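A.B. asks: Chains A and G, in that order, give the protein sequences.
Take the first sequence: its position 2, counted from the start at 1, is 2 in the working numbering, and no numbers get skipped.
Take the second sequence: its position 25, counted from the start at 1, is 25 in the working numbering, and no numbers get skipped.
Don't take every hint at face value.
[To be verified] Only some residues are given here: those of chain A computed to face chain G with a beta carbon under 7 Å:
id, residue
1, V6
2, E17
3, Q28
4, A37
5, A87
[Stated by the list, open to error] Here are some chain G residues the structure puts well away from chain A; computed CB gaps all over 10 Å:
id, residue
6, M1
7, V10
8, A18
9, V26
10, E32
11, Q34
12, N46
13, S49
14, P52
15, L57
16, L59
17, L74
18, G82
19, D88
[Claimed, not checked] 30 Å max Cα-Cα, derived DSS-like pairs, lysine-lysine:
id, chain 1, residue 1, chain 2, residue 2
20, G, K5, A, K35
21, G, K72, G, K20
22, G, K70, G, K5
23, A, K35, G, K72
24, A, K35, G, K35
No lab work stands behind these hints: they were computed from the structure.
Given the structure is predicted, the values throughout are model-derived calculations rather than measurements.
We put the CB at the ideal spot given by N, CA and C, even for glycine.
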Amino acid sequence: MYLGRVLGTVVCERKYEGLEGARFLVVQPLTHDQKPAGPVEVAVDTVSARRGDLVYLVGSREAALALDPTFVPVDAAIVGHVDAVDA
Amino acid sequence: MILCKVLGTVTATAAHAAFKGRRLMVVQPLDEQQKPLGRSFLAVDNVASAGPGDTVLVLREGNGVRQLLKDKTLPIRSLIVGVVDAVDA
């Protein structure tokens, strides 16, 4: 899992079966000191995050498990809205 | 599994149900000299006693995590599975 900053939204009308209603956001992955960690990615949102929010994500197979149905083509999911990082 | 140092905690009131009631920690991977190597990431603490400064053993494999936590649909990928007392390498 890793931290990220929401940069904006992605609108995608035609998408794979099972992803109806899914919300996609553009996210910059971050290190614990909130410095960019690698390229920007698109993640599915499960916590109603908004632009500018600090969130945490889960990647790979586990990203799809955050959704219902779980057998969907997703490799990054926002699973938490961060209040504070004490590190 | 890899050796990591615990840097601190992450608090999040709004989170996916799978993360409710779990301790989420920031961990920094270490090399064999126990120096930082690569980027920090987040791991759920399953030993419930890891704190900042501790060296821990981190499992980074979702299927292993789901077996340990006995839930076949958990969207959790990294888990602290031990607090390290000593490394002789």
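A.B. asks: Each hint: holds or not?
C.D. replies: The hints, checked one at a time:
Nearest Cβ of chain G to the Cβ of V6(A): about 13 Å, over the 7 Å cut. The hint is violated. Because the closest C-beta pair between E17(A) and chain G is about 19 Å apart, greater than 7 Å, the hint is violated. Here the hint on Q28(A) is broken, as its CB sits about 13 Å from the closest CB of chain G, past 7 Å. For A37(A), the interface hint holds, since its Cβ comes within 7 Å of a Cβ in chain G; the closest pair sits about 5 Å apart.
Taken as an interface hint, A87(A) checks out: its beta carbon lies about 3 Å from the nearest beta carbon of chain G, inside 7 Å. Consistency note on M1(G): stated as away from chain A, and its beta-carbon is indeed over 10 Å from all of that chain's, at 16 Å minimum. Remark: the non-interface label on V10(G) conflicts with the geometry, its nearest Cβ contact in chain A lying 5 Å away (cut-off 10 Å). Annotated as non-interface, A18(G) brings its C-beta within 10 Å of a C-beta of chain A; the closest such distance is 7 Å.
Residue placement check: V26(G) does not keep its beta carbon more than 10 Å from all beta carbons of chain A (closest about 4 Å). The claim that E32(G) is not at the interface with chain A holds, since no C-beta of that chain comes within 10 Å of its own (minimum 22 Å). Taking the minimum C-beta to C-beta distance to chain A, about 18 Å, the non-interface status of Q34(G) holds against the 10 Å cut. Its beta-carbon lying about 14 Å from the closest one in chain A, N46(G) satisfies the requirement of being farther than 10 Å from that chain.
For S49(G), the non-interface assignment is confirmed: its Cβ lies about 17 Å from the closest Cβ of chain A, beyond the 10 Å cut-off. The claim that P52(G) is not at the interface with chain A is violated, since a C-beta of that chain comes within 10 Å of its own (minimum 7 Å). Here L57(G) stays apart from chain A, with its beta-carbon at least about 17 Å from theirs, past the 10 Å limit. Non-interface status of L59(G) relative to chain A is upheld: no Cβ of that chain comes within 10 Å, the nearest being about 13 Å off.
A Cβ of chain A approaches the Cβ of L74(G) within 10 Å, the least distance being about 7 Å, so the stated non-interface status is violated. At roughly 18 Å from the closest C-beta of chain A, the C-beta of G82(G) stays outside 10 Å, upholding its exclusion from the interface. Separation of D88(G) from chain A is adequate, the least Cβ-Cβ distance of about 28 Å exceeding the 10 Å criterion. With a C-alpha separation of about 19 Å, the suggested pair K5(G) and K35(A) falls inside the 30 Å cut-off, and the hint holds.
A hinted pair counts as satisfied when its Cα atoms are at most 30 Å apart, and K72(G) with K20(G) qualifies at roughly 16 Å. With a CA separation close to 26 Å, the supplied pair K70(G) and K5(G) stays within the 30 Å bound. Between the alpha carbons of K35(A) and K72(G) the distance comes to roughly 33 Å, so the proposed pair goes past 30 Å and is violated. Between K35(A) and K35(G) the alpha-carbon distance is near 20 Å, which keeps this suggested pair within the 30 Å criterion.
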